[in-house]
Amino acid sequence: MNVHEFMTTRLEFVDGGASVYEAIEKMVDKRIRSLVVRFSGKDDGYGVITARDVVFRVLAKGINPQKMKVAEIASKPLITITQDADLTEASGLMQKSNVARLFVSDGQRLVGLVSLMDVMRAMLIMRARGKYVL
Amino acid sequence: MFFEKAFRHGKKERKVIENIRSHLSLLRTACYTLETALEKRDRNLLGEVINLENEADVKRREILSNIYDGAFLPYLRPDLCKFVEIVDSIFDFLEETAYCYLEAEIPPEMGDECLRVAFFNRQMSEMLLITFQALVDGEDLREKTLAIRIYEKKIDDIKNYLTKDLRAVPVENFWNGLYLSNFLSSLTRISDVIEDASDHLQIISVSIR
Numbered sequence: 507m508n509v510h511e512f513m514t515t516r517l518e519f520v521d522g523g524a525s526v527y528e529a530i531e532k533m534v535d536k537r538i539r540s541l542v543v544r545f546s547g548k549d550d551g552y553g554v555i556t557a558r559d560v561v562f563r564v565l566a567k568g569i570n571p572q573k574m575k576v577a578e579i580a581s582k583p584l585i586t587i588t589q590d591a592d593l594t595e596a597s598g599l600m601q602k603s604n605v606a607r608l609f610v611s612d613g614q615r616l617v618g619l620v621s622l623m624d625v626m627r628a629m630l631i632m633r634a635r636g637k638y639v640l
Numbered sequence: 008m009f010f011e012k013a014f015r016h017g018k019k020e021r022k023v024i025e026n027i028r029s030h031l032s033l034l035r036t037a038c039y040t041l042e043t044a045l046e047k048r049d050r051n052l053l054g055e056v057i058n059l060e061n062e063a064d065v066k067r068r069e070i071l072s073n074i075y076d077g078a079f080l081p082y083l084r085p086d087l088c089k090f091v092e093i094v095d096s097i098f099d100f101l102e103e104t105a106y107c108y109l110e111a112e113i114p115p116e117m118g119d120e121c122l123r124v125a126f127f128n129r130q131m132s133e134m135l136l137i138t139f140q141a142l143v144d145g146e147d148l149r150e151k152t153l154a155i156r157i158y159e160k161k162i163d164d165i166k167n168y169l170t171k172d173l174r175a176v177p178v179e180n181f182w183n184g185l186y187l188s189n190f191l192s193s194l195t196r197i198s199d200v201i202e203d204a205s206d207h208l209q210i211i212s213v214s215i216r
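Chains as they are written, first to last, in this note's numbering: chain A, 507 to 640; chain B, 8 to 216.
Source of the hints: derived by calculation from the structure; they are not laboratory data.
Quick caveat: nothing in here was measured; it's all calculated off a predicted structure.
Some hints could be false.
As the list claims (entries may be wrong) - Here are the simulated distance ranges between beta carbons:
| # | chain 1 | residue 1 | chain 2 | residue 2 | range |
| --- | --- | --- | --- | --- | --- |
| 1 | B | S214 | A | I569 | 25 to 35 Å |
| 2 | B | I210 | A | I569 | 49 to 59 Å |
| 3 | A | L599 | B | E146 | 48 to 58 Å |
| 4 | A | R633 | B | F181 | 42 to 52 Å |
| 5 | A | D521 | B | S188 | 32 to 42 Å |
Said to hold, decoys possible - Examples of chain B residues lying across from chain A (beta carbon under 8 Å, computed):
| # | residue |
| --- | --- |
| 6 | I137 |
| 7 | K151 |
| 8 | L153 |
| 9 | A154 |
| 10 | E159 |
| 11 | Y168 |
| 12 | L169 |
| 13 | L173 |
Claimed, not checked - Over the 10 Å line for every Cβ pair with chain A, so calculated as not near, a few chain B residues:
| # | residue |
| --- | --- |
| 14 | I24 |
| 15 | Y75 |
| 16 | R123 |
| 17 | Q130 |
All C-beta atoms in this analysis are idealised placements derived from N, C-alpha and C, irrespective of residue type, glycine included.
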């Protein structure tokens, strides 16, 4: 089974210059755990900010999220995988990079996100299909 | 041993099993045809979905009459009939989706998500056929029904996005809006009913153990 079959195609973005609080609001409103960070200027490209970053690097340290920029805690570069990659390859890359989500690319374009839960679900489906070939 | 006796023993039972398998194969073909119609924006293929629904109706009548002609132990017959009726109602939603697609204008920004739903519907129909085969083979259905629930959850997530997107679509007149809404509603309802059918297979599986 390929990554594109099970990826989430809705990506949510936040600017690197936005406050961490704005990122938190977006995550809460959209009920998601990560946002793609858009950098501008010399830092051109994408990064990622996760709920884990927000908790461990900001809130738990007592830092005011309104006074910190997303760019200060975002991880960069994004760890990506191509959309025609196999899910076993995706799980290997997650394990190697110690991350729970990979961004899916089609050339230079970001087209989706595949999480550890997506990989688990897809693997369970492959297990269920088992010997049955239609 | 009891399973063999209850489920695969006689000629009449084998005939019903073969017909249910063929009913489910028709379902898979109908889901595949709908997916292809959406992918290629080919409205002619929608007529094919409607024809397959008619063919499925004929198959359903044949299965039901075979069952009440004496196939299977009497206590199993209502559950098998109910399963066949649930599968038949999936065809009804496929037909409704096809009719609505003929009339509706699908906004381009929603096309990809609709296609993903059709893709998952087709995968679920395949998994339902696999689940039925596993039942006939006397296997545990737990992993198969979980796979179907996973697909259903995936479609539910897409349905939420589509419902939100729908609110932002400008509607020119009442009928366009109604057909678009009915199209999305029936397209996303197919997976619910496939899940119901798989749950019913699980009930049958438990009842013959």
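Could you check if L173/B really has its C-beta closer than 8 Å to a C-beta on chain A? violated, 15 Å
Cβ distance range 48 to 58 Å for L599/A and E146/B, holds or violated: violated, 33 Å
Interface restraint verdict for E159/B against chain A (beta-carbon cut-off 8 Å): Violated, about 11 Å.
Hint validation: L153/B versus chain A, beta carbon distance must be below 8 Å. Holds or violated? For L153/B, the interface hint holds, since the closest Cβ of chain A sits about 6 Å away, which is under 8 Å.
In this structure, is the beta-carbon distance linking D521/A and S188/B contained in 32 to 42 Å? The hinted range 32 to 42 Å holds for D521/A and S188/B, with Cβ atoms some 35 Å apart.
Q130/B clear of chain A by more than 10 Å, beta carbon to beta carbon? violated, 8 Å
Do the beta carbons of I210/B and I569/A sit within 49 to 59 Å of each other? Holds, since I210/B and I569/A (Cβ atoms, about 54 Å apart) stay within the stated range.
Holds or violated: is the Cβ of Y168/B closer than 8 Å to a Cβ in chain A? holds, 6 Å
Less than 8 Å between beta-carbons is the criterion; does I137/B satisfy it with respect to chain A? With a minimum Cβ separation of about 4 Å from chain A (threshold 8 Å), the hint on I137/B holds.
Could you check if A154/B really has its C-beta closer than 8 Å to a C-beta on chain A? holds, 4 Å
Less than 8 Å between beta-carbons is the criterion; does L169/B satisfy it with respect to chain A? violated, 11 Å
Do the numbers back the hint for K151/B, that is, is its least Cβ distance to chain A under 8 Å? holds, 5 Å
Of the numbered hints stated above, those contradicted by the structure are hints 1, 3, 10, 12, 13, 16 and 17, listed in ascending order.
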